[in-house]
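Q: Spelled out from the first residue to the last, the chains are:
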Amino acid sequence: MERISLQDPVFATYAVAATVMILKAVAMSWLTVVRMMGAKGGFRSPEDIRKTPLNPDPNPAQLAPNDRVERIRRIQMNDLENLPFFLVAGFLFVLTQPSLLVAQWLFYGYVATRLAHFAAYLTAQTHDLRAALWTPGSVILIYMAARTLIVALGF
Amino acid sequence: MERISLQDPVFATYAVAATVMILKAVAMSWLTVVRMMGAKGGFRSPEDIRKTPLNPDPNPAQLAPNDRVERIRRIQMNDLENLPFFLVAGFLFVLTQPSLLVAQWLFYGYVATRLAHFAAYLTAQTHDLRAALWTPGSVILIYMAARTLIVALGF
Amino acid sequence: MERISLQDPVFATYAVAATVMILKAVAMSWLTVVRMMGAKGGFRSPEDIRKTPLNPDPNPAQLAPNDRVERIRRIQMNDLENLPFFLVAGFLFVLTQPSLLVAQWLFYGYVATRLAHFAAYLTAQTHDLRAALWTPGSVILIYMAARTLIVALGF
Numbered sequence: 001m002e003r004i005s006l007q008d009p010v011f012a013t014y015a016v017a018a019t020v021m022i023l024k025a026v027a028m029s030w031l032t033v034v035r036m037m038g039a040k041g042g043f044r045s046p047e048d049i050r051k052t053p054l055n056p057d058p059n060p061a062q063l064a065p066n067d068r069v070e071r072i073r074r075i076q077m078n079d080l081e082n083l084p085f086f087l088v089a090g091f092l093f094v095l096t097q098p099s100l101l102v103a104q105w106l107f108y109g110y111v112a113t114r115l116a117h118f119a120a121y122l123t124a125q126t127h128d129l130r131a132a133l134w135t136p137g138s139v140i141l142i143y144m145a146a147r148t149l150i151v152a153l154g155f
Numbered sequence: 001m002e003r004i005s006l007q008d009p010v011f012a013t014y015a016v017a018a019t020v021m022i023l024k025a026v027a028m029s030w031l032t033v034v035r036m037m038g039a040k041g042g043f044r045s046p047e048d049i050r051k052t053p054l055n056p057d058p059n060p061a062q063l064a065p066n067d068r069v070e071r072i073r074r075i076q077m078n079d080l081e082n083l084p085f086f087l088v089a090g091f092l093f094v095l096t097q098p099s100l101l102v103a104q105w106l107f108y109g110y111v112a113t114r115l116a117h118f119a120a121y122l123t124a125q126t127h128d129l130r131a132a133l134w135t136p137g138s139v140i141l142i143y144m145a146a147r148t149l150i151v152a153l154g155f
Numbered sequence: 001m002e003r004i005s006l007q008d009p010v011f012a013t014y015a016v017a018a019t020v021m022i023l024k025a026v027a028m029s030w031l032t033v034v035r036m037m038g039a040k041g042g043f044r045s046p047e048d049i050r051k052t053p054l055n056p057d058p059n060p061a062q063l064a065p066n067d068r069v070e071r072i073r074r075i076q077m078n079d080l081e082n083l084p085f086f087l088v089a090g091f092l093f094v095l096t097q098p099s100l101l102v103a104q105w106l107f108y109g110y111v112a113t114r115l116a117h118f119a120a121y122l123t124a125q126t127h128d129l130r131a132a133l134w135t136p137g138s139v140i141l142i143y144m145a146a147r148t149l150i151v152a153l154g155f
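Chains C, F and A, in that order, are what the protein sequence lines are.
Here the first sequence stands for residues 1 to 155, where the numbers follow the working numbering.
Here the second sequence stands for residues 1 to 155, where the numbers follow the working numbering.
Here the third sequence stands for residues 1 to 155, where the numbers follow the working numbering.
To be clear, the hints were calculated from the coordinates, so they are not data collected in a lab.
Hints may contain errors.
Where chains are identical, the list cannot tell them apart; a pair therefore holds if satisfied intra-copy or between any two copies.
Derived pair list, reagent style EDC-like, types lysine to aspartate or glutamate, alpha-carbon separation capped at 16 Å [said to hold, decoys possible]:
hint, residue 1, residue 2
1, LYS51, ASP128
2, LYS51, GLU70
3, LYS24, ASP8
4, LYS40, ASP128
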């Protein structure tokens, strides 16, 4: 049976989860841009306070950290610490031939809790809630990697 | 037809783009090292100002941020925010069976604009130019992920 | 011959190395949490000093950088600069059909030196030793990417 195909139900489940997470990650870059434009600040490179069509009235305060921009940067950093590993672990996990139901729970559960984590971080909920929403995704990731490792080792 | 093979023209196009981008990303680590050695500074860990054969004359100022080193670190951070997602989205996009011409435009267009973005960032061009060179790559990435998502959902 | 299968010895070697590295990367997130809990500090978001069940006695100093937490964050950053590229380059390298022996040396060599690098960074060994342990992994990564590029280009 062909596993690595968008026609395979388990692989398609992975591909849906993976592309939603990729689009979410890319959206953070755009959200950073939107917030930098809104604040006319939160820039990071010395050349960003040169006078240009997009920045007609520059001043050095534009290089100071901006709270609304830094929040998105922290969220993006959290994505970078998690998503690339999910993307690869999820792909390899498909090769262990999980049932469709297990794949759906794990992949869509990951996506759902990551999106909830994003909503909680964006709206500055408590550290406790953020931690509670981050943990299931991390556990799913550990499970998928550990399961793949066991199968790859031939156990 | 075998898709995931370096003999398949579309997959080979992806593999060329992916490996060029990986080599570019790895080069940032080496460029950071080169600039730290040149500046004898820009270090980040307290233990980096211990006297060693590579650092025979240490002093605490070596831990202060160095402009030339920080520039490469910002460029590398931009890579981390973009390339891992391109690498996975590009792989999945191959499975949607694009034509070779479309694949070449998207993959090589991504590589070309990322290398131009790097050149602009390295030489401290304006934020406007950097943004103009970052945008096509991000749009290509969004297109590939969205297209894969649609196919994986069965539309 | 089926290459992308956990039953294929070369691919299984890749999968073992990849999942061990993924588990290592995820462990950094958990180690950050452990050290933040131990120090009751090293937090980064303003909302993290709100009174909650997990932080019953908040104070603003909890947002100051904590040395033990920052060390893990630097180690994790080093992972992010290296591992995602290894994960993809390693996968593509399998498609060049290396011998099992070559694959084992490269993949397990990468894992061994990365784990040694982690041990050296965690225990604050000299910059020289850290560099010596980082370099082989980076060279292996460059070799795998360059070899794949050559094969993909049809040389």
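Q: Does each hint fit the structure? Answer for all of them.
A: Status of the hints after comparison with the structure:
1. LYS51 with ASP128: between (43 Å within a copy, 10 Å between copies)
2. LYS51 with GLU70: neither (23 Å within a copy, 22 Å between copies)
3. LYS24 with ASP8: neither (24 Å within a copy, 30 Å between copies)
4. LYS40 with ASP128: between (32 Å within a copy, 13 Å between copies)
When each numbered hint is compared with the structure, violations occur for hints 2 and 3.
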